[in-house]
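Number of protein chains: 2
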Amino acid sequence: MEVLKVAARSNPNSVAGALVGVLREKGGVEIQAVGAGALNQAIKAVTIARGFVAPRGLDIVCIPAFVDIEIDGQERTAVKLIIEPRAAGINGLSEKLNLEPVTAR
Amino acid sequence: MEVLKVAARSNPNSVAGALVGVLREKGGVEIQAVGAGALNQAIKAVTIARGFVAPRGLDIVCIPAFVDIEIDGQERTAVKLIIEPRAAGINGLSEKLNLEPVTAR
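So the sequences go chain by chain: L and V. When we follow the working numbering, the leftmost residue of the first sequence carries the number 38, and every step to the right adds one. When we follow the working numbering, the leftmost residue of the second sequence carries the number 38, and every step to the right adds one.
Isolated chain L, as found in the complex (with noise of 0.2 angstroms):
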């Protein structure tokens, strides 16, 4: 599954385009955050990707995961996230789900 890396400096926005859109190509993302500020940003990304998705009916859940990772030589346990559409987590699938934007015409 692809991995977002989210800093505490990441835009939330940004991100939950980001998210949104490998969610769409993949029917899943993972999410890595290292301390509090970077999984504060994290969590509000998802909170707007919620946002983006809803118009189609869709919604997301996250399912959070300690994992431990190397940064320097050192060893850090950082949180990943596991985003799912709602519907796909039914059988624990990542189905590909059509979550084309919703366009005003």
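Hints may be right or wrong, so weigh each one.
What the hints assert, rightly or not - Just the calculated beta-carbon pair ranges, DEER-fashion:
1. GLN111/L to GLU39/V: 36 to 44 angstroms
2. MET38/V to ALA91/L: 14 to 22 angstroms
3. ALA45/V to ALA44/L: 18 to 26 angstroms
4. VAL40/L to ALA91/V: 18 to 26 angstroms
Derived from the structure by calculation, the hints contain no laboratory data. Just so it is clear, CB atoms sit at the ideal spot from N, CA and C, and this is done for glycine as well.
Model the placement of chain V on the given structure of chain L, informed by the hints.
Same frame as chain L, but now just chain V:
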């Protein structure tokens, strides 16, 4: 839905225990967190709670949302995490699931 308020100093293990308790009783629970530190503890708690319910073959998903709250007369934006068993997320139901703790015999 019952609301658990989590602070930056909350113990994630304790919150996880409370979370599973309410989930078992009510089928769903909301966690409210103000600030990055509090949200960090909340997500840790959800991650730990996944370990508590996993032996029963259950998983937990969280759905983040913004919520406006008032603290000392000041309007603040908090994050609420709607926590549901993954199975119950299928139809957006919050049906009661048997989340009895696993005990060794």
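Hints and how they fare:
{"no.": "1", "hint": "GLN111/L to GLU39/V: 36 to 44 angstroms", "verdict": "holds (39 angstroms)"}
{"no.": "2", "hint": "MET38/V to ALA91/L: 14 to 22 angstroms", "verdict": "holds (20 angstroms)"}
{"no.": "3", "hint": "ALA45/V to ALA44/L: 18 to 26 angstroms", "verdict": "holds (20 angstroms)"}
{"no.": "4", "hint": "VAL40/L to ALA91/V: 18 to 26 angstroms", "verdict": "holds (23 angstroms)"}
Going through the hint list in order, the structure satisfies each hint without exception.
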